[in-house]
Each structure stands twice: as structure tokens, then as C-alpha cells.
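There are 4 protein chains.
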Amino acid sequence: MLENTIEFRARYSETDQMGVIHHRHYLAWCEMGRTELMRQLGSSYAELEKQGIFLAVSEIRFSYRASAYYDDLIRVRTTLGKLRSRGGRFCYRVENAETSKLLCRAETDHVCLNAEGSPRKLPEEIYELLKRAL
Amino acid sequence: MLENTIEFRARYSETDQMGVIHHRHYLAWCEMGRTELMRQLGSSYAELEKQGIFLAVSEIRFSYRASAYYDDLIRVRTTLGKLRSRGGRFCYRVENAETSKLLCRAETDHVCLNAEGSPRKLPEEIYELLKRAL
Amino acid sequence: MLENTIEFRARYSETDQMGVIHHRHYLAWCEMGRTELMRQLGSSYAELEKQGIFLAVSEIRFSYRASAYYDDLIRVRTTLGKLRSRGGRFCYRVENAETSKLLCRAETDHVCLNAEGSPRKLPEEIYELLKRAL
Amino acid sequence: MLENTIEFRARYSETDQMGVIHHRHYLAWCEMGRTELMRQLGSSYAELEKQGIFLAVSEIRFSYRASAYYDDLIRVRTTLGKLRSRGGRFCYRVENAETSKLLCRAETDHVCLNAEGSPRKLPEEIYELLKRAL
Numbered sequence: 001m002l003e004n005t006i007e008f009r010a011r012y013s014e015t016d017q018m019g020v021i022h023h024r025h026y027l028a029w030c031e032m033g034r035t036e037l038m039r040q041l042g043s044s045y046a047e048l049e050k051q052g053i054f055l056a057v058s059e060i061r062f063s064y065r066a067s068a069y070y071d072d073l074i075r076v077r078t079t080l081g082k083l084r085s086r087g088g089r090f091c092y093r094v095e096n097a098e099t100s101k102l103l104c105r106a107e108t109d110h111v112c113l114n115a116e117g118s119p120r121k122l123p124e125e126i127y128e129l130l131k132r133a134l
Numbered sequence: 001m002l003e004n005t006i007e008f009r010a011r012y013s014e015t016d017q018m019g020v021i022h023h024r025h026y027l028a029w030c031e032m033g034r035t036e037l038m039r040q041l042g043s044s045y046a047e048l049e050k051q052g053i054f055l056a057v058s059e060i061r062f063s064y065r066a067s068a069y070y071d072d073l074i075r076v077r078t079t080l081g082k083l084r085s086r087g088g089r090f091c092y093r094v095e096n097a098e099t100s101k102l103l104c105r106a107e108t109d110h111v112c113l114n115a116e117g118s119p120r121k122l123p124e125e126i127y128e129l130l131k132r133a134l
Numbered sequence: 001m002l003e004n005t006i007e008f009r010a011r012y013s014e015t016d017q018m019g020v021i022h023h024r025h026y027l028a029w030c031e032m033g034r035t036e037l038m039r040q041l042g043s044s045y046a047e048l049e050k051q052g053i054f055l056a057v058s059e060i061r062f063s064y065r066a067s068a069y070y071d072d073l074i075r076v077r078t079t080l081g082k083l084r085s086r087g088g089r090f091c092y093r094v095e096n097a098e099t100s101k102l103l104c105r106a107e108t109d110h111v112c113l114n115a116e117g118s119p120r121k122l123p124e125e126i127y128e129l130l131k132r133a134l
Numbered sequence: 001m002l003e004n005t006i007e008f009r010a011r012y013s014e015t016d017q018m019g020v021i022h023h024r025h026y027l028a029w030c031e032m033g034r035t036e037l038m039r040q041l042g043s044s045y046a047e048l049e050k051q052g053i054f055l056a057v058s059e060i061r062f063s064y065r066a067s068a069y070y071d072d073l074i075r076v077r078t079t080l081g082k083l084r085s086r087g088g089r090f091c092y093r094v095e096n097a098e099t100s101k102l103l104c105r106a107e108t109d110h111v112c113l114n115a116e117g118s119p120r121k122l123p124e125e126i127y128e129l130l131k132r133a134l
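Protein chains in written order, with the working numbering: chain S, 1 to 134; chain F, 1 to 134; chain R, 1 to 134; chain B, 1 to 134.
Copies of the same chain look alike in the list, so a pair counts if it works inside one copy or between any two.
Below, computed lysine-lysine pairings styled on DSBU-like, alpha-carbon distance capped at 30 angstroms:
no., residue 1, residue 2
1, Lys50, Lys121
2, Lys50, Lys101
3, Lys121, Lys101
4, Lys121, Lys131
5, Lys50, Lys131
6, Lys82, Lys131
7, Lys121, Lys82
Simulated from the structure, these hints should not be mistaken for lab results. This structure is a prediction, so every number in the text was calculated from the model and none was measured.
The task is simple: from the sequences and hints, build the whole structure.
Shown next as C-alpha cells:
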């Protein structure tokens, strides 16, 4: 199983008045993880979209365990959890990179769409590429 | 069971390059629904935080069924799904307000925290107030 | 001179750890004002983009005078400041709707682009429509 | 004059339906530049806020010259433009890191506030520290 790891600092603009990172930003962080996992596989999600192939989000489950704070060094570990002919699931572990403390566990399910927004099969070469991450 | 309904237009700044509303904004929309459900009950979440009582998000589950687009009139229906002494669950149905088409179903679980971020019981008067929404 | 007025509540997700609305959200609020000013004129910016005509932002100047807080009722007053064959300027006054206190004054300059991102003249009918707002 | 340079990838969540990075995100990017310039000087803006000292944004001017796209490698060059006893100005040059093409020039003016939101002088040690960046 291939795991991609990224690290970056939590932004001031991501905080809320509770003094912590607002929970919606974890969705953007996991999206960064997906981008980098695909790059690590030798693909590019940006290229995929230029070819009219989209991996739309259909379901998300996020479980928040501890808070992240402004300027914290964050680590996102991304893996591919499932692969189907028409979509798949990515799994994430968001941690504080300095303490390795678990901040959030998450899963996102995706369906493959064409440029008109209709479901379609994953292109064969993308399917084979992603299979290497399982 | 009390249901709160809000309507508003999807913002340009909420779109992404797929030409639809990015999925993270539904979290902010449901948060608006929670605020208004509490106002409808005669409470104010803003006031609650001023008293040092926070309803932090612990779990979220969002199921996306259809896309929302810039300038669409959006409706969010919010209900209280569960109430516990130390937290609760809100449930949401996000629709296109003009067609009533379902866009997203969601649930968010919350834990009550004090100003230091430690779990605590919901204040008695807030518990009783929320109970009326069940 | 036509002035459009919108009112809405500041969202929890728009706060930052200073306990106020983060300054970047005023850009989204002014964008909402532009959308509504165009609707008031009988046009639709959403329709315009579907026809391959874009009003891209080229310059912004925001002057912040007082803070906005979560759940504040916000008012944005939008006017058209300048109109040129290839673009224009919108002007904004962001206020607390309950006290009419000035929160922010802003200007945004726009250039008309085609679907390929190249500068073009405003379509005649859009130019005439916008002229009524001066 | 000290210049801080940061590089990072534009996020998918930062795109809009024009297919480019939405202009409000440049404000968050410049904020990241300020954080890193202060770190380079040996300070920490996170620490400063914990001591009850805030550098609130009072004026911004952004001039957008070219578009940024999803997954572009972005570079932000940050310098201190002015330093006053009660505030200062930061200047920015946002570039495509691969081509060095200028995307945006920006300036942000700041006033020093205490925890109650009242203007105050910059603490002597912060003033001296920032002076080294001029």
C-alpha cells in the first residue's frame, strides 16, 4: 500500500474565533493529499481534468480528534482505500507533524465523471496507475 | 420535531474549476443552519460562546447527490437529530430552493467544550431549550 | 446613480482567531454586491459567463475601518464608479446593518475577457445596461 | 532590505469557475509571506498574538497581472515597506515559481492593536526586530 505524506503550516486565514483551525479546511488539506498521491504515482490530477475526466466527491466522513492551531506544522498521510471501475475511496490521517498527534481521520468517496458531469468508467491507464497504490 | 429553513444564493467565490460549488462550502452552509435553528429556539450561539460554551464539531458525514451552481438559490433544512448531556447531532438536507432537488444530506456531531477546550455538560437551560427541537 | 443594497449575516466560518471576520471575506461580500447590482439592472452575471464573457478583477483597494463579528447583520452598498468600453469600476460601502457603522470602503477594477482569457470590449447591450447604473 | 521567499502549490479548493485561482486567496498567500518574514527575523507572529499584540490589516491594494492555475508552483516575495511606531506596511510580489512571471503586486497596511482591539505602539523589541528588515 502506497502512502503519500505532505507537510505544511496551518494558515492564519484558516483559524476561527474558537482559536483553532476551522473544520472545513481539513477537506482542502485532504484534497492536497490526493493531488500529491497521484503525482507520486506519476499522474497529475490537473492533466486528468484537462482531458475531461473528473473525480467528484460523493461522500465524506471526517472524525476530528484534536485541534490544530495557526502556524502548526501539519502532516497529511493519504492512501487509496478502494478502487472500483467507476470510482474509489481515499483515506487520510491528519497529524501534528511535530508531535505526531492524531488530529483527524477521514475518508472521501469519489465517482468518475466526464466533462458533461455524467458518470463514466475510469480510463484504463488511470485505473492501472491507481491500482499500484492499493 | 422542529425544522429550520434558510435560503440564500450560492456565491461566485464558492465555485471551483469544475464549474460547481466546491464541496467544503456545504459545511459552512450547514453551520449557518445550526445558527438559525438555535435563533429560532430563542437562543444565540454567538451569546453562548461569549459565555465560554462551545459546540465543537467532532464528526461529519456528508453525502453529495447533485451539484449546486453559482447564483443558485439554496435551501438548508436543519433539525436536531440527537441530544445528549454532553453534546448532540444536527441533521441537514441541502436543496435547490427553486426545484427542491436534493443536493446533499449531512450529519454533524458536536461535543460541548468550555473556554479551555475541555469537555463539559451542556448548561441546563441550553439542554432544555434544544430539547424542544427534538 | 443606482445603488444596490444587500443584507446578510456574517458567518461563523468567516471569523478568525482575532475574534473578527477575516479581511479576505469582504472580497466575497463585494462580489455578492456586484451580482445583485447586475440583477437589479435586469442582467445576470451567471448568464454573461455562460455566453463566454467574464469581468475579471484587475485591481482592488480595501480600506478597513471597523471590525465585523460573527452573526452581525452586514449591509453592502454597491455602485458602479466608472464604465469604459473594456471594463469598469465598482465601489462599495460595507456597514453594520443595525448601527449603520462603516466597516469598510472598497473599489474593484474589472476588465472584460473572452472565454480564452483575452481582453475584449464589453458587448454593446451590457455596456448600455451598465450605463444606466452610473 | 530583507526579502522573504516562500513557495507552495495552488490548491484545487482555491480555483473558481473561471478556471483560475480566485483573487481573494492572494490575501491568504500574502499573510503566509508575512508569517514567514517574521519567522526569518527570529520572531513568531503566533507568539506575538499570545502576548496580546495584533497587527490588524487596515488597507490593502492588490494589482492582478496574470492568472494562477490549480497545481501551479507559486512564489511569494515579501518585504517590509514601511515601519512606524504604531504599524507598518508589507509589500509583496506573487509569481509563478517556474516561469518567474509576475502574477500580482500587493501592499498591506497594518496597525498594532492590543487584546481589546485598541491601537497601541509596537513593543520596542518588535519594532527593533522589524527595523532590520527595512
